[in-house]
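Visitor: Residue strings, one per chain:
2 protein chains.
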Amino acid sequence: MEERVLASYYIETPYPLEQAAEVMAGEQSTGTFVSVPGETEELKERHAARVVRIEPLDETDRPSLPHALAPAGSPKYRRANVTLSFPLHNFGPSLPNLLATIAGNLYELREFSGLRLTDLELPASFAAKYPGPRFGIAGTRKLAGVYERPIIGTIVKPSIGLPLTEYRTLVRELAEAGLDFVKDDELCADPPYAPFAERVRVVMEEIERAADKTGKKMMYAFNITGDIDEMRRNHDLVAKSGGTCVMVGINNVGFAAVAHLRSYTELPIHGHRNQWGAMTRCPQLGMSFTAYQKLCRLAGVDHLHTNGLNSKFAEPNEQVARSIRDCLTPFLGGYEVMPVLSSAQWAGTAIPSYEAAQSLDVIQVAGGGILAHPGGAAAGVRSMQQGWEAAVRGQTLEQYAAIHPELRQAIETFGKKG
Amino acid sequence: MEERVLASYYIETPYPLEQAAEVMAGEQSTGTFVSVPGETEELKERHAARVVRIEPLDETDRPSLPHALAPAGSPKYRRANVTLSFPLHNFGPSLPNLLATIAGNLYELREFSGLRLTDLELPASFAAKYPGPRFGIAGTRKLAGVYERPIIGTIVKPSIGLPLTEYRTLVRELAEAGLDFVKDDELCADPPYAPFAERVRVVMEEIERAADKTGKKMMYAFNITGDIDEMRRNHDLVAKSGGTCVMVGINNVGFAAVAHLRSYTELPIHGHRNQWGAMTRCPQLGMSFTAYQKLCRLAGVDHLHTNGLNSKFAEPNEQVARSIRDCLTPFLGGYEVMPVLSSAQWAGTAIPSYEAAQSLDVIQVAGGGILAHPGGAAAGVRSMQQGWEAAVRGQTLEQYAAIHPELRQAIETFGKKG
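Line by line, the protein sequences are chains P and Y. Going from the first sequence to our numbering is simple: count from 1 and add 9. Going from the second sequence to our numbering is simple: count from 1 and add 9.
Possibly wrong hints are sitting among the right ones.
Any copy will do: because identical chains look the same in the list, a pair fits if it lies in one copy or spans two.
Stated by the list, open to error - The calculated lysine-lysine pairs, modelled on DSBU-like cross-linking and capped at a C-alpha distance of 35 angstroms, are:
| hint | residue 1 | residue 2 |
| --- | --- | --- |
| 1 | K138 | K249 |
| 2 | K138 | K425 |
| 3 | K225 | K85 |
| 4 | K151 | K85 |
| 5 | K85 | K425 |
| 6 | K53 | K226 |
| 7 | K53 | K321 |
| 8 | K53 | K85 |
Since the hints were derived computationally from the structure, they do not count as laboratory data.
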């Protein structure tokens, strides 16, 4: 049976929708601007992309993106959801070549004043080539030793400039405070002032020392973002040093680099999505998170950032909620990935997060919400856990805080941000 | 002396410009949403990004991007060019980590209704780590055997589905027609219907056979876009088979993958920029080509697509002209890259292209403009060369066509397209 890839788009065009959809299909398969010899009907039948669905939406007088070519007069710009189907044999199960096909030149076509990839469905051949997350939710929980509640974490702050001596003190404090998880800031990978190898040594010494005391080995996502060979060296160093997680800036390195990391990783891959805003913040361009997270899971990340509810970023809560649920929806029959909620998180974010996720399979990362808790980091951690306890029990924050002083303090300190 | 990276942005914000610029600098260096212990004044002094320039522009009543957080009332959205300066010791000379710093989370900040990276300046340490284009303009000319005029090329069309027997016939025709250069379509890398290794064998046989006759070895950019190890295997196969160029979809694989390819390449890297529209078509988001082409050259591409004048894509001619000039402007003291003009090109595009480039150091790629020439591909090639001859001599197309029948035929066939 012929395998096909389905790709869905949100488009805006001054042309009839059927015509516009055919332009997309032609550009990304057998079309040329002048008919050339060899472009036979048989070839088109076998290789052309097909328009499988057009769902008309609203219209507007004003093009969302500039430089669309419009018919004379005062055209209406029609919006629609369009789904195309591509024969897999046009490109084979290759992540980079999938992108060339389903995205590629489409964004530059002048027939469109808006074009956004909104979803994709892949045939089984992709699963045979890309094994996806090696650890996923179950594997991460096992390594972190955390079950039946979210994994609570923090980010090393300040993001930049902390000398290794202070790094050591901070990691010790966090590990002894009972934190499940710590991640490097995305700005800190292998900076000259705190070289990666030194950082790994210091951090792992403190994590192991705390584990000897507490019996719990804190998971630390070391930011190995770098060039291809650097990533491998850094991954190997983390694994050899007893670390349990590596982090990568997916868009900083690209999908091919992530898939390469997946091919040899011995540790869960914490996928950071910085630069993602450039791909998604214009509603009529780029890509939806629904499509993006599938590409990330295909490449093999075990954790994926979704933003948190009530964050300091522009993304509205409804989108964050949808992103979390996207991550928790099976893809290619599995490809478990753990959504990572971050930015301005504190104990009070647990209730809306639980409402959004309908699940405890999330990593929630708080910076100030833990480190700046007036009772110290350990109290910050407790307050975060208490927030989720309240959520699961269906209590309000205030109710639960009445008998949990760490939560009470968190409300007093961070509640205004709520 | 302390090395710093300068990054320039076009911003739109409802906040005072100074305040907005400080938010950018803080987010991408030492800032946190709640002050944390360790964030000392000394650390800030040493590691904070600095605002070095704010050039106010116009204002608008309507935010360009949704979900910006605005002060109460009816705020004005102020636009400005802003330049930030980052200490290199925050991240070191690493292309992926540079991206995390100068782009990173900026696009998601809710203080902005528009944010676009417009330019960057890098210190010498980057040149020490990333050698840049291995061949550049001079090396490409030498391999192609083309001097003192543009390199004229075509794209194998139809892009998809051509069986190898017809592939062979087409390549033979092109090589015998005296073409300088052929590139794979970006949709065709290693498809099951025409596996890469088979394609290389067939193409190189024909190129060598034609070279034996004509004395000229046509440069063919084989599309090796794929996963990291596949790219290496495919590059090695092309080099071993006597090929003289490899092509990669930069955005399909990511900058780290391109830099990795550069680390071992024996051949010029033809950089295709498909998906680029997603990063640039919204004027208030993403990245300008001026910034992008520097990143591509740092990663090491020898050729870079810029679109052509009067193309079928949305980009206006002024932007295409600027992109061509950007490529021809030295970067880090050199990093020569050859702009590639394509899409709806034909003999008549030479004159505006020469006006835009003020140089002959371009690759011009025509599909139908060569393959659909009524006199055949050889006549198509001649017509393209004649177009440039007219441009250099300062003649009009009509003048030069009066004594050049291939050009005359090209005008008659493609002239309506401009």
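Visitor: Hints first: check each against the structure and report whether it holds.
Guide: Hints, verified against the model:
no. : hint        : verdict
1   : K138 - K249 : both (27 angstroms within a copy, 27 angstroms between copies)
2   : K138 - K425 : neither (49 angstroms within a copy, 47 angstroms between copies)
3   : K225 - K85  : neither (62 angstroms within a copy, 53 angstroms between copies)
4   : K151 - K85  : neither (55 angstroms within a copy, 52 angstroms between copies)
5   : K85 - K425  : between (45 angstroms within a copy, 27 angstroms between copies)
6   : K53 - K226  : between (58 angstroms within a copy, 32 angstroms between copies)
7   : K53 - K321  : between (49 angstroms within a copy, 21 angstroms between copies)
8   : K53 - K85   : within (31 angstroms within a copy, 52 angstroms between copies)
Checked against the numbered hints given earlier, this structure breaks hints 2, 3 and 4; the rest are met.
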